[in-house]
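Heads up: the sequence lines are chains C and P, in that order.
Quick note on numbering: the first sequence equals residues 1 to 241 in the UniProt record's numbering.
Quick note on numbering: the second sequence equals residues 1 to 241 in the UniProt record's numbering.
Rather than coming from a laboratory, the hints here were simulated on the basis of the structure.
Any given hint might turn out to be false.
Any copy will do: because identical chains look the same in the list, a pair fits if it lies in one copy or spans two.
Within a straight-line C-alpha distance of at most 27 Å, the following computed BS3-like cross-link-like pairs (lysine-lysine) qualify [unchecked claim]:
#: 1; residue 1: Lys24; residue 2: Lys220
#: 2; residue 1: Lys234; residue 2: Lys56
#: 3; residue 1: Lys220; residue 2: Lys234
#: 4; residue 1: Lys38; residue 2: Lys16
#: 5; residue 1: Lys238; residue 2: Lys220
2 protein chains.
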Amino acid sequence: MDNGKIGQHISGQFNKELEDIRNKVLTMGGLVEQQIEKAVQAFANGDTELADEVIKQDNIVDALEIAIDRECNQILALRQPAAFDLRLLITVIKVINELEIVGDLSESIAKMAISLSDIEGSKKDSYYELQHMADLVKGMLHDSLDAFARMDVDDVATITGRDENVDREYVSIFRQLITHMMEDPRNITRTINVLWTVRALERIGDHACYICEHLIYMMKGQNVRHSTQEELQKILEKGKK
Amino acid sequence: MDNGKIGQHISGQFNKELEDIRNKVLTMGGLVEQQIEKAVQAFANGDTELADEVIKQDNIVDALEIAIDRECNQILALRQPAAFDLRLLITVIKVINELEIVGDLSESIAKMAISLSDIEGSKKDSYYELQHMADLVKGMLHDSLDAFARMDVDDVATITGRDENVDREYVSIFRQLITHMMEDPRNITRTINVLWTVRALERIGDHACYICEHLIYMMKGQNVRHSTQEELQKILEKGKK
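Same shape as in the complex, but just chain C (with noise of 0.2 Å):
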């Protein structure tokens, strides 16, 4: 793990703060991203224990978020840190935000799931496309983390750029979907389950594009929100020159 822009501090203390911020942050990651992977699992297998376990899980997530807040609020007060500290901090609130955001996704996937096993009905539609869509979206959350883990920006661009295959996948499930209630009314409760589902995994897309801005914004100072793909590519060839 780089941390070239971390360690520069006359105060050994305060580095081993920052450091120990950054680590939980990446802690939560890694245990978010399981929990989309078990809750897409236990929707797509019926299996209402692994569910269980996603919504249990979900307090750990949300102890975690409140732990590293409350520790970068302490930092901030008590360090009163500037320039990139100051948006290391303010990044962290933000990236824990959207992290927390996610689990609460998963949580309501593998709700879902529970719901959808006590409706009868084949099992096997969509499962696919939808796995297949959770697989890009964790693939983009994993390496947005793994960018703010290094500390990277070069990479962000390719993985924001992903997120418009997740929306044509999503377009793309949603019309089987609509098709699929159309043609048999008796499967609309339960379609209606796997399009929650489908939209929630969408916005884990969203997200894992959100902190991807947020690290560009701690890395070059440079508020990318609501940036376009071609603009955002643009600002961070310029930092390249």
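Once you've looked at the hints, dock chain P against the given chain C.
Positioned in the frame of chain C, the structure of chain P alone reads:
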């Protein structure tokens, strides 16, 4: 406007900066409230012109978020505030994020209004209930911003408590819509749009609650994210004694 806590600084310039930020947040909040109102009207009346207006105005909301966020970061860097001032700035950064999301949700309701206008079918189903739900969440958002303006947490538990009504309304409309789709599968595409809109409104209610939670953190220094309504009431009661 009682600005009791602001205005105790030696530096008059600093007071001015904090007051300015607070006013900008309220401007942004007012704009977002209008966006919800217009989006739901556009949706209920099939008014695509009004929907276009909402979509265009979302840029103003986004720009306001970026401007306020930048201002907060500048003050954090230059003034290195502590205690209440620090919490105020961190809270503003979080509140404008909630407002921006509510702006996005309004924009997506406007987009659904436009896509609905292309779809044939009876236009009046569930719109009455939808309007009622919109009034509920708009009221919650308005009151949470009002509490923020007054820096007063005394009434916030009654605001967050209203989210239960929103959720109840949501479940009831949701069931109606499913029945509606089952009765006539030709309604499906149109009804799915209504379903997204109801979901968006339900989420706006959640974000109003988050604003209340951020306000409690600001005023009491206590992170109440993920607290139940009962826990929240207890925390606020304790403060009153």
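Okay, the hints, checked on the actual structure:
1. Taking the shortest alpha-carbon separations for Lys24 and Lys220, both the intra-copy value of 23 Å and the inter-copy value of 25 Å come in at or below 27 Å.
2. Proximity of Lys234 to Lys56 under the C-alpha cut-off of 27 Å is restricted to the inter-copy arrangement: shortest distance 24 Å between copies versus 43 Å within a copy.
3. In this homomeric assembly, Lys220 and Lys234 come within 27 Å of each other (Cα to Cα) only inside a single copy, at 13 Å, whereas the closest approach across copies is 43 Å.
4. For a Cα distance limit of 27 Å, the shortest separation of Lys38 from Lys16 qualifies neither inside one copy, at 33 Å, nor across copies, at 50 Å.
5. In the homo-oligomer, the alpha carbons of Lys238 and Lys220 lie at most 27 Å apart inside one protomer (11 Å), although the nearest pairing across protomers, at 43 Å, exceeds that limit.
Hint 4 from the earlier list is the only one contradicted by this structure; the remaining hints agree with it.
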